[in-house]
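S.K.: So you can see what is in the structure, the chains are spelled out below.
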Amino acid sequence: GESVGLHLPTLSVQEGDNSIINCAYSNSASDYFIWYKQESGKGPQFIIDIRSNMDKRQGQRVTVLLNKTVKHLSLQIAATQPGDSAVYFCAERTSGTYKYIFGTGTRLKVLA
Amino acid sequence: EPEVTQTPSHQVTQMGQEVILRCVPISNHLYFYWYRQILGQKVEFLVSFYNNEISEKSEIFDDQFSVERPDGSNFTLKIRSTKLEDSAMYFCASRTDANEKLFFGSGTQLSVL
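As they're listed, the protein sequences go chains A and B. Each step along the first sequence adds one to the number in the numbering used here, with nothing skipped, and position 26 is 22. Each step along the second sequence adds one to the number in the numbering used here, with nothing skipped, and position 3 is 8.
Keep in mind that the hints were calculated from the coordinates and are not lab data. Each residue gets a CB set at the ideal place from its N, CA and C atoms; glycine is no exception. Take every hint as true, because none was put in to throw you off.
Only some residues are given here: those of chain A computed to face chain B with a beta carbon under 10 Å:
| id | residue |
| --- | --- |
| 1 | Leu4 |
| 2 | Lys38 |
| 3 | Gln41 |
| 4 | Asp45 |
| 5 | Arg89 |
| 6 | Thr93 |
| 7 | Tyr94 |
| 8 | Tyr96 |
I would like the entire structure built from these sequences, with the hints used as guidance.
M.R.: See the structure below:
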């Protein structure tokens, strides 16, 4: 089972720098991935998604990279802003199933 | 922009009482979900609902839990006899048939005393 008071890894970056948040997923059969941003007291907010037939996808100031060989997903945020401070989760889904499984999350702190 | 709405935002109840958490998914969405998040922990899947039936559920979703879509717009989660460990933030989510993007509501904070 999970431990109480799970300690989130934290990434601290200077405002204006680029951020890279990593996620290791568990199931090699997962074929769809989403990055979510969660601010305190709010629900997960969709940022960007990627399917397993792609290696890279770009959005506005964000890029997701997928490495299926090592089951690794990353979120790159360009020119990080104070409003980017939040907890970031990756989520995976396997074709043929309905559920989206969330990772443990990374706290991003943007330093002014 | 359409969004998933949840009510109430906070719910306080006594242990052993029944609670119903309410959600209005995005109007053209067909898949509905409940997740929960215990303070400081990750977001956990509870149940998915499609075509008026449960499509998948987790081990957490035991006989004390039930879901219902009583009409064309609402989606509810009922906990029959709440326990202290049910205290958590409960999130509703929905998606369309064609698009896998899953959108979340802002949650109901359930406190069981």
